[in-house]
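These protein sequence lines are chains A and B, in that order.
Residues in the first sequence are numbered consecutively from 1, following my numbering.
Residues in the second sequence are numbered consecutively from 1, following my numbering.
Check before you lean on any hint, since a few could be wrong.
The list cannot tell twin chains apart, which means a pair is met if one copy fits it or any two copies do.
To be verified - The calculated lysine to aspartate or glutamate pairs, modelled on EDC-like cross-linking and capped at a C-alpha distance of 20 Å, are:
| hint | residue 1 | residue 2 |
| --- | --- | --- |
| 1 | Lys97 | Glu40 |
| 2 | Lys462 | Glu538 |
| 3 | Lys272 | Asp223 |
| 4 | Lys319 | Glu512 |
| 5 | Lys416 | Asp11 |
| 6 | Lys524 | Glu89 |
| 7 | Lys524 | Asp11 |
| 8 | Lys408 | Asp223 |
| 9 | Lys251 | Glu241 |
| 10 | Lys319 | Glu283 |
| 11 | Lys319 | Glu399 |
| 12 | Lys519 | Asp91 |
| 13 | Lys408 | Glu89 |
Hints are computed from structural coordinates only; laboratory data are not their basis.
Just so it is clear, the structure is predicted and the values come from calculations on it, not from any experiment.
There are 2 protein chains.
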Amino acid sequence: MNCMALCYGDDIIVLDAGMMFPDDELLGVDSVIPDWSWLEERREHVRALFLTHGHEDHIGAVPFFISEFAVPVYGTAFTLALSERKLDEHDLMSEAKLNVVEYNQVIEAGPFKVEFIRVTHSIVQAAALAITTPLGVVVHTGDFKVDPTPTDNQLFDLHSFAEYGKRGVLLLMSDSTNADRPGYTPSERAVRPRLEEIIARAEHRVVVSSFSTSIHRMQQIIDLSHEYGRKVGLLGRSMLEVTEIAHNLGKLSIPDNLLLRPQDIMSVARSKVTVMLSGTQGEPMSAMSRVAVDNHRQFSVSPGDTVVLSARMIPGNEKAIYRMINHYARRGVELVYGNMTPPVHVSGHASAEECKLLLNLLRPKYFLPIHGEYRQMSIHASHAQHMRVNGVEESFILETGDTLEIDKRGARKGAKVQVGRVCIDSGSIDEFVDDIVIRDRRHLSEDGFVLPIIAINKHSGKAEGLPEIVSRGFMSKMENGADLMQGARQVVAKTLESSSPEERGDWGVMQEKIRADLKRYISKQTSRRPLIMPVILEV
Amino acid sequence: MNCMALCYGDDIIVLDAGMMFPDDELLGVDSVIPDWSWLEERREHVRALFLTHGHEDHIGAVPFFISEFAVPVYGTAFTLALSERKLDEHDLMSEAKLNVVEYNQVIEAGPFKVEFIRVTHSIVQAAALAITTPLGVVVHTGDFKVDPTPTDNQLFDLHSFAEYGKRGVLLLMSDSTNADRPGYTPSERAVRPRLEEIIARAEHRVVVSSFSTSIHRMQQIIDLSHEYGRKVGLLGRSMLEVTEIAHNLGKLSIPDNLLLRPQDIMSVARSKVTVMLSGTQGEPMSAMSRVAVDNHRQFSVSPGDTVVLSARMIPGNEKAIYRMINHYARRGVELVYGNMTPPVHVSGHASAEECKLLLNLLRPKYFLPIHGEYRQMSIHASHAQHMRVNGVEESFILETGDTLEIDKRGARKGAKVQVGRVCIDSGSIDEFVDDIVIRDRRHLSEDGFVLPIIAINKHSGKAEGLPEIVSRGFMSKMENGADLMQGARQVVAKTLESSSPEERGDWGVMQEKIRADLKRYISKQTSRRPLIMPVILEV
């Protein structure tokens with residue numbers, strides 16, 4: 001969830017507002033966005049939001065940002081079109097002040113002058129930001145690779161970077177995702193030979209899953225299908241919506257009569273169709289996953305079809321993806337996925353040599369690797385250290401919440417600020433989930449709960465009958481749960497009896513005593529540690 | 001959790017008894033073993049358990065098996081020594097009838113004659129089983145690769161396989177783990193150049209994590225450390241125990257005075273020590289993970305040390321492993337992990353060409369790919385189909401619970417049998433976890449629970465006061481949980497009031513009505529779906 005604040009004096013601009021998909025440890029949470037408390041305290045000084053490109057980890061939190069900060073938003077046409085789609089979902093379009101920016105246009109926001117510079121990446125219209133401040137120029141690369149032969153011939157703008165480099169750059173912040181890979185990332189064109197081989201040779205259907213925002217990839221598949229006499233069907237909501245956006249903006253060219261309506265795909269001869277699906281990461285509700293288990297309304301695969309995964313596996317998703325691939329294997333299709341030469345997928349991020357090229361072009365005084373795990377940022381910083389003689393005075397590695405302060409005397413790490421994550425349950429703006437709730441869910445997920453319930457007569461102050469105990473997710477009847485519960489009731493009854501009248505007058509004390517005694521009993525009998533929550537009911 | 005039953009007439013032998021580590025979906029479960037209901041119904045016909053090698057996924061369930069079936073267990077010395085270690089943990093050594101088998105020894109069990117054949121694998125003393133039955137020979141490869149230059153010079157026994165192939169094999173069951181990788185798996189010796197480069201060049205400590213059962217790998221690291229004047233420290237319980245077992249059996253040779261006691265590692269000069277740690281998969285309590293966060297009692301790393309991960313990342317563990325690697329990066333160490341040439345890790349499983357070599361040697365009539373995901377078994381089966389002219393009549397792909405029947409008329413898939421998994425909570429034999437309990441835990445983990453508690457006067461049959469509602473893992477106070485709870489109490493009260501005296505006389509009906517009304521209310525207000533469990537208390 002990329003999000004960075006750049007401050008000069010009191011003035012603040014924000015660079016990107018991304019979301020992330022929660023990992024398994026955030027139980028029941030649908031998405032995670034940045035905690036903006038620090039920005040909220042400085043609300044009146046926030047001047048603008050700048051977006052580098054349209055991937056979820058850079059624009060996914062835009063609706064949440066807009067609902068908090070009523071500032072103008074700047075980005076390229078495609079980036080803003082994808083943001084609009086998200087704002088629409090949240091009914092926030094009327095509140096948003098979106099401003100389309102052209103490459104090399106300069107936007108003023110407070111003391112900042114921000115120029116958008118064209119970079120190449122796995123999405124169209126990605127931009128780096130060259131931000132002129134009274135103290136010097138700060139360059140933020142956004143996500144990039146240096147593709148010398150992009151499929152749309154929109155070249156990486158080396159010249160603008162060179163110009164800034166010549167004039168002097170105070171700070172470079174550069175994409176580190178692949179800084180640990182040696183050499184150069186292959187051009188997007190490198191996937192064409194493999195895709196051509198597949199589409200030309202396949203006897204039956206070709207089914208390709210790629211990221212729905214990979215417009216370059218989609219263009220190549222559309223072109224090759226057209227060349228080899230195949231119609232193209234698109235399935236999956238994001239695939240259909242993003243394609244339409246790209247087409248309307250002239251970023252995706254589709255020959256007339258090439259596209260099939262989803263409901264027509266199955267009626268075309270199997271050798272005459274390519275189908276593109278969203279769901280590369282094995283997301284359970286995606287078109288790709290549903291076809292895998294033959295549970296898609298409009299499409300199914302048959303033995304002899306070729307199924308291609310033209311995307312990387314995001315770490316953490318491997319199991320879900322392989323499960324999906326196994327389902328396709330059960331359907332008898334030919335499978336193409338993983339690393340191979342020539343490749344069926346190439347990355348959109350710069351490898352080590354491209355990172356060094358940027359450092360050479362920009363010759364920054366200070367360097368800050370961004371966008372990557374620590375291990376990648378640390379290798380990126382060591383690339384920069386090798387360039388000390390060429391001008392890089394110092395590199396810093398910052399983690400979430402760290403700050404970097406630069407003034408006339410130099411640069412240094414500043415104090416940490418309050419940041420963090422906000423967990424969203426259902427996609428709606430209000431429904432954030434408290435960390436305590438997630439902690440409880442984790443506890444419940446491991447050993448369930450045990451609730452002793454004691455009815456106390458409000459006149460006599462005495463317990464009415466034996467305590468009741470209910471539990472779930474702890475032990476079933478088959479596991480002798482019943483015997484254990486009987487024992488637990490006796491434990492609670494004994495705790496009640498052995499307490500003094502003063503203790504019994506204080507419910508808080510009694511709850512704590514019951515919890516402690518019951519915990520000891522259950523742990524001794526079962527070595528499990530359910531959530532124990534005594535309830536005292538006044539009757 | 002590999003486990004297979006081979007039956008002739010009524011007689012049964014069992015091949016391997018493995019466990020698996022649960023995935024994230026099995027909340028709070030520690031380990032998973034096979035469900036042996038089918039075998040239990042045929043208890044008196046079970047003749048023996050044969051173990052191919054000592055990896056957890058082949059021997060991990062041996063203690064659970066032994067406690068159910070009092071039959072002899074056969075395996076090589078190292079395999080049984082590792083099994084003993086597990087039996088000791090469960091205090092089951094007195095019940096176990098372990099029989100050490102030499103290679104090419106033949107064990108009789110009922111109508112079966114089982115010969116152990118030496119194969120090469122990432123663990124020492126791995127075996128294939130050639131099982132002569134009255135109907136023909138069944139060969140089970142166990143896990144293998146064909147390593148032409150194993151570090152201990154104990155060669156893959158091509159000759160025995162050739163002999164069986166000449167005489168005729170009815171059924172081959174062969175390891176499919178890497179059947180989808182083209183070419184040959186490199187020899188274990190292929191890691192030596194990389195390890196030598198690291199150990200020779202490192203200025204400070206070399207820290208290596210590999211699987212504790214990778215005795216060949218350990219031997220190479222010990223030899224190289226000795227050669228380059230480094231002492232060797234071992235950390236982690238499994239690393240220490242397995243090393244001792246291998247050393248006692250003469251499978252690991254350690255020069256005198258080379259090993260350091262754990263408490264002495266930090267007092268040796270940094271350039272004179274290699275440390276081997278268990279915990280390649282980022283397991284939270286492992287030595288490797290604890291050192292990563294500087295939380296190990298006897299050892300810590302410093303900037304300039306070299307940390308090497310000499311193991312593969314098991315799919316599903318990537319996130320935990322990368323998190324651990326990031327912690328090491330924060331400590332300023334040099335990191336070596338992942339794919340590289342020459343490799344720092346090689347697989348122990350046969351690639352496509354080795355799989356085909358086995359098919360060529362054995363020329364089985366029927367072929368059954370085993371040990372792999374469906375996608376790998378299906379590719380392995382297609383390798384065998386290409387060999388039809390050489391005698392493979394038919395290949396079958398079986399999944400858990402499937403059976404294969406062979407008689408004089410031929411081979412065919414049989415009826416499915418009842419199998420499944422048994423979830424173990426704490427490692428003890430009794431503590432299996434019911435599937436219902438796991439389902440509840442999953443539900444609890446997503447949205448927590450809401451418990452309406454109603455006290456009913458047993459004389460009047462009427463509710464005493466307003467119902468109480470307790471919840472956890474659902475909404476916190478910050479999220480307006482209090483307002484919602486107040487509303488929920490009104491809903492329950494209304495349900496109670498609007499019910500007829502007959503309904504109120506039937507607690508089951510009342511619980512269901514309350515659950516339904518409350519579910520509707522909560523879902524409308526929050527779109528969450530907590531576990532709702534009405535409790536009626538008679539007072």
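These are the hints, each one checked on the structure:
{"no.": "1", "hint": "Lys97 with Glu40", "verdict": "within (19 Å within a copy, 70 Å between copies)"}
{"no.": "2", "hint": "Lys462 with Glu538", "verdict": "both (10 Å within a copy, 15 Å between copies)"}
{"no.": "3", "hint": "Lys272 with Asp223", "verdict": "within (14 Å within a copy, 60 Å between copies)"}
{"no.": "4", "hint": "Lys319 with Glu512", "verdict": "neither (42 Å within a copy, 38 Å between copies)"}
{"no.": "5", "hint": "Lys416 with Asp11", "verdict": "within (19 Å within a copy, 70 Å between copies)"}
{"no.": "6", "hint": "Lys524 with Glu89", "verdict": "between (52 Å within a copy, 19 Å between copies)"}
{"no.": "7", "hint": "Lys524 with Asp11", "verdict": "neither (60 Å within a copy, 42 Å between copies)"}
{"no.": "8", "hint": "Lys408 with Asp223", "verdict": "neither (54 Å within a copy, 56 Å between copies)"}
{"no.": "9", "hint": "Lys251 with Glu241", "verdict": "within (14 Å within a copy, 62 Å between copies)"}
{"no.": "10", "hint": "Lys319 with Glu283", "verdict": "both (11 Å within a copy, 17 Å between copies)"}
{"no.": "11", "hint": "Lys319 with Glu399", "verdict": "between (28 Å within a copy, 18 Å between copies)"}
{"no.": "12", "hint": "Lys519 with Asp91", "verdict": "neither (48 Å within a copy, 27 Å between copies)"}
{"no.": "13", "hint": "Lys408 with Glu89", "verdict": "neither (45 Å within a copy, 65 Å between copies)"}
Violated hints for the displayed structure, listed by number in ascending order: 4, 7, 8, 12 and 13.
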